[in-house]
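There are 2 protein chains.
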Amino acid sequence: MKFVIQKDRLVQSVQDVMKAVSSRTTIPILTGIKIVATEEGVTLTGSDSDISIESFIPTEENGKEIVEIKQTGSIVLQARFFSEIVKKLPKESVEIEVLGHHMTVIRSGKAEFNLNGLDAEEYPHLPQVEEHNSFRVPTDLLKTMIRQTVFSVSTSETRPILTGVNWKLENRELICIATDSHRLALRKAKIETDTDSSYNVVIPGKSLNELSKILADTSDEIEIVITESQVLFKAENLLFFSRLLDGNYPDTTRLIPAESKTDMVLNTKEFLQAIDRASLLAKEGRNNVVKFSTLEEGIVEVSSNTPEIGKVIEEVQTQEITGEELKISFSAKYMMDALKALEGTEIKISFTGAMRPFLIRTPEDDSILQLILPVRTY
Amino acid sequence: MKFVIQKDRLVQSVQDVMKAVSSRTTIPILTGIKIVATEEGVTLTGSDSDISIESFIPTEENGKEIVEIKQTGSIVLQARFFSEIVKKLPKESVEIEVLGHHMTVIRSGKAEFNLNGLDAEEYPHLPQVEEHNSFRVPTDLLKTMIRQTVFSVSTSETRPILTGVNWKLENRELICIATDSHRLALRKAKIETDTDSSYNVVIPGKSLNELSKILADTSDEIEIVITESQVLFKAENLLFFSRLLDGNYPDTTRLIPAESKTDMVLNTKEFLQAIDRASLLAKEGRNNVVKFSTLEEGIVEVSSNTPEIGKVIEEVQTQEITGEELKISFSAKYMMDALKALEGTEIKISFTGAMRPFLIRTPEDDSILQLILPVRTY
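Keeping their order, the protein sequence lines are chains X and D.
Its first residue numbered 50, the first sequence is counted upward by one per residue in my numbering.
Its first residue numbered 50, the second sequence is counted upward by one per residue in my numbering.
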């Protein structure tokens, strides 16, 4: 294998596939990046066996040469060293050549690195994903849907299925749901698909987080292929594979109250800041529980009291309030997460009494919904 | 105590004095910030008993009211909570009032905090520093002198005196020296002083680092007062006290070779980047030792070899080279630290053989000097 490549493109691709490489793997070769040079270009692969990322650098793009292939071939290089090296090379172009015994030379200007490589034949094969069933989502919408749900996955391995986000595709609508059993985030969107296939899968939250970091903020569509055990995201020159979680995701529809007893509309930013301050003195380790109650004249009060430190009272003027008086306690952290996930300057909260889950939504928009279970303190 | 104060000024002052507050203190009241309101303004104090910082906010500045004192007095508030609270307050002005039993109310807009305070009388008194002997240094020069020396202090407590920077004032010249016994940094500058006093003190490296963070990048002069056990830096509305280290600093003058056998001038950035790359594959934990040798035609080679990973060879063209051929090994980390501390596009290195300390300087500038002891590997 021997090729000359533009440094900035190599750096970008290495950075992308590094997202899948873990230093804590039980399969030593997975601490490496696989490099394959063909007549068409150079393909880099990183994997931790849960997530695999493949980045392709074509020999030519828009008539400009990016890679000059001198000899096809393949090698696996230590990801940690290789990524540091390419970032710091002195010139705009880099030559990579495999000599005998997998010894690889990296040259740029007057810098010459010799790295001990590994046989690419020993690198695990990527999952085979058949592509007859796929659908497409604009990349920026996908990133938004991930951002608005993934924070609600469980971080505990007690119920592994809850560490993933439930993706359902039904009637050409994609529904993403995450819950850690104390709160729930739901986001749905109409999508384009050639088939009427329906899916119900659970994608690890970690995979979605990594995917989100790699994808550019573009409205270009990304193709999504779902199989029994894998999901594949196909962007330009990029393949992102993730395993799916085994097991059935709980049915969350019955958790969402259909009726409400107290409804209010609040300014998102003002309410978020009040909650943030009210939680400052709240005890740690309990997700900063704050008290919330309705007062006269459309005012709501957020408060917390930790006798050894002090107390805080925040008053917030609602834009609109209807229904019963209310005293309730909830996690300030969950409320702040939910408010940050919602878009728009106003939010609507619907309560069904102090002991029932409540809903936070954007008014006049049923594509997104955040649900929080209250904490019993009153 | 009761006053109304501009939030941004309070936030800035709290941030400054927080630099001295440690959560790991054996004196509980030092986890607090002391607030004193007088007719002239508000003074905040933070201290970890090694460093003490006092920030003064005057009632008026340039004809603009900053503080309105309603009642003089004092209180100590938990630094961690107080600093978080003031940063997040909703309005541009803040009212702080002490009620009975040191209970303190902080109001801003519709936010109201009640914090349990402590009696300011129980806060330790700051060191008394007599000011008849002082000298002045432009603030930006002081920050540069700190930056160019403090990184060389020892991080080990084996010889506590080496964790400080030796400051000597003689013949109206300030000399700052730091060494961890493997390398040494020296910077000197002519300064203005009213007296012909001379000093020889050792200031903890940590104190100088914290001081540097607080000081603005300005050419305004800062006044420095040195006593037997304390140093006081006086900037506008800011007092920074540090204890001095006990003991005699070693005489470092005889460490610095007066002659050299091999001299060279190199482009600073090019050499720094070559060292950086050469150290990438060098073994960790040994400060990344690299080999350095002179080749033909004014070229020097920097290399390292770690059999299990690979090797790297870097060639750098010198601007000028005179004297004997040389093979030497040294810590890449120390070399990079030294190169970063030097200003200018070119540096001069003077070697006196493979086993002797060598000097790195800016050509034609004797105000700064970096010295490194080689490592025996050849």
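Errors might be hidden in some of the hints.
To be verified - Cut-off 30 Å, straight-line C-alpha distance, at most; resulting in silico cross-link-like pairs (DSSO-like, lysine-lysine):
1) D:Lys136 <-> D:Lys262
2) D:Lys137 <-> X:Lys376
3) X:Lys360 <-> D:Lys283
Said to hold, decoys possible - Which chain X residues stay away from chain D? Per the calculated CB distances, all over 10 Å, these:
4) Val60
5) Asp229
6) Thr242
7) Glu272
8) Thr302
9) Leu329
10) Ser378
Claimed, not checked - What follows is a set of in silico ranges between Cβ atoms, one per label pair, in the way DEER data are often shown:
11) X:Thr74 <-> D:Glu206: 54 to 64 Å
12) X:Lys140 <-> D:Asp189: 27 to 37 Å
13) D:Lys136 <-> X:Asp386: 48 to 58 Å
14) D:Thr355 <-> X:Pro356: 51 to 61 Å
15) D:Lys136 <-> X:Ser230: 25 to 35 Å
16) D:Lys136 <-> X:Pro412: 24 to 34 Å
17) D:Pro139 <-> X:Glu308: 28 to 38 Å
18) D:Arg73 <-> X:Glu171: 47 to 57 Å
What the hints contain is simulated information worked out from the structure, not anything from laboratory work.
All C-beta atoms, glycine included, are put in the ideal place defined by N, C-alpha and C.
Consistency of the hints with the structure:
Pair hint D:Lys136 plus D:Lys262 holds up; C-alpha atoms about 19 Å apart against a cutoff of 30 Å. A distance of roughly 25 Å separates the Cα atoms of D:Lys137 and X:Lys376; the hinted pair therefore holds under the 30 Å criterion. Our distance criterion of 30 Å between C-alpha atoms is broken by X:Lys360 and D:Lys283, whose separation comes to about 37 Å. Every CB of chain D is more than 10 Å from the CB of X:Val60 (nearest about 14 Å), matching its label as outside the interface.
No beta-carbon of chain D is positioned within 10 Å of the beta-carbon of X:Asp229; the least distance is around 26 Å. Every C-beta of chain D lies more than 10 Å from that of X:Thr242, the closest at about 45 Å, which supports listing it as non-interface. With a closest Cβ-Cβ approach of about 38 Å to chain D, X:Glu272 is found to remain outside the 10 Å limit, as its non-interface label requires. The non-interface label for X:Thr302 is consistent with chain D: the shortest C-beta to C-beta separation is roughly 38 Å, beyond 10 Å.
Separation of X:Leu329 from chain D is inadequate, the least Cβ-Cβ distance of about 5 Å not exceeding the 10 Å criterion. No Cβ of chain D approaches the Cβ of X:Ser378 within 10 Å, the least distance being about 19 Å, so the stated non-interface status holds. Roughly 38 Å separates the CB atoms of X:Thr74 and D:Glu206, a value that falls outside the hinted 54 to 64 Å. Restraint check, X:Lys140 to D:Asp189: a C-beta distance of roughly 36 Å satisfies the suggested window 27 to 37 Å.
Checked against the hint of 48 to 58 Å, the C-beta distance between D:Lys136 and X:Asp386 comes to roughly 20 Å, which is inconsistent with it. Range check, D:Thr355 to X:Pro356: about 58 Å between beta-carbon atoms, so the 51 to 61 Å window is met. Against the hinted window of 25 to 35 Å, the Cβ-Cβ separation of D:Lys136 and X:Ser230 comes to about 33 Å, which satisfies the hint. Distance hint check: the CB atoms of D:Lys136 and X:Pro412 are about 31 Å apart, consistent with the given range 24 to 34 Å.
For D:Pro139 paired with X:Glu308, a C-beta distance near 34 Å keeps the hint of 28 to 38 Å intact. Take D:Arg73 and X:Glu171: their Cβ atoms lie about 49 Å apart, and the range 47 to 57 Å holds.
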